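Participant: Sequence:
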Amino acid sequence: MLVEVIATSVEDAKRAEQGGADRLELISGILEGGITPSWGLIEAVVKAVSIPVNVMVRPHSQSFCYTAEELSVMRQDVRIIRELGAAGVVIGMLTPENRLDQRGMEQVLGESGSLHVTFHRAFDNAVDQMEAARILLEYPQVRTILTSGGKKTAIEGADCIGQLVKLTENTQLAILAGSGLSLANVGDLVKRTGVKEVHFGSAVREEGQALRYVDAERVAAIKQLL
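Each residue of the sequence shown is one higher than the one before, starting from 1 at the first, in the numbering used here.
Read the hints as simulated data drawn from the structure, not as lab findings. Just so we're clear, the structure is a prediction, and the values are computed from it rather than from any experiment. Just so it is clear, CB atoms sit at the ideal spot from N, CA and C, and this is done for glycine as well. No incorrect hints appear here.
List of simulated lysine-lysine pairs, DSSO-like, C-alpha gap at most 30 Å:
no.	residue 1	residue 2
1	K223	K191
2	K152	K196
3	K14	K223
4	K196	K223
5	K166	K191
The following label-pair restraints were derived from C-beta to C-beta distances:
no.	residue 1	residue 2	range
6	Q163	N185	18 to 28 Å
7	R134	L211	30 to 40 Å
8	L226	A68	36 to 46 Å
9	Y213	N185	15 to 25 Å
10	Y213	E70	23 to 33 Å
11	E70	G113	19 to 29 Å
12	E97	E70	13 to 23 Å
Throw the hints in and build the complete structure from the sequences for me.
Facilitator: And the structure:
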């Protein structure tokens, strides 16, 4: 089982690694669902830990639709993130009709090089998750889909997550289940869906609060359970 933990600071990153996290999703604006962190923070976190650091590339939290200028900014961010030594980027874009914005995605992927690319929870806003996954299978650079199965929480979306796991079996795509997961429910989700990667935010922070630091002991407890 791969456990990915959200980090918003160097301290978060170090604590997550201490607790046994396998990978970080580095973001700013955790209450906004994540936006692109500063280049200085990216560089510091990459130097502070030895586990892979995947960096959110999201210029604003208004929607998952982006203008030409915003896509240009995202391309520049991806280029710099690659140069700073991060392992991957976390992206996602939709059309106003809530279908995958393939043109925008291809522009950003043009700068990704060999980076690990995760398509984030914009996926859950798509009108059809199975259709969206089939489209993403056409892009070898995209290695992971972060999803709650189209629902508010991964527990509510477990049936869809299970279908996605079957659809992507023996492909380059891994399904990363996230949203609402905790020590109390993650074991059941894994059994129900067969998912092999899980994603944690507030549940592994001090007192379960989004704006507190990661709690290494909470991360360790989840690793031990899984």
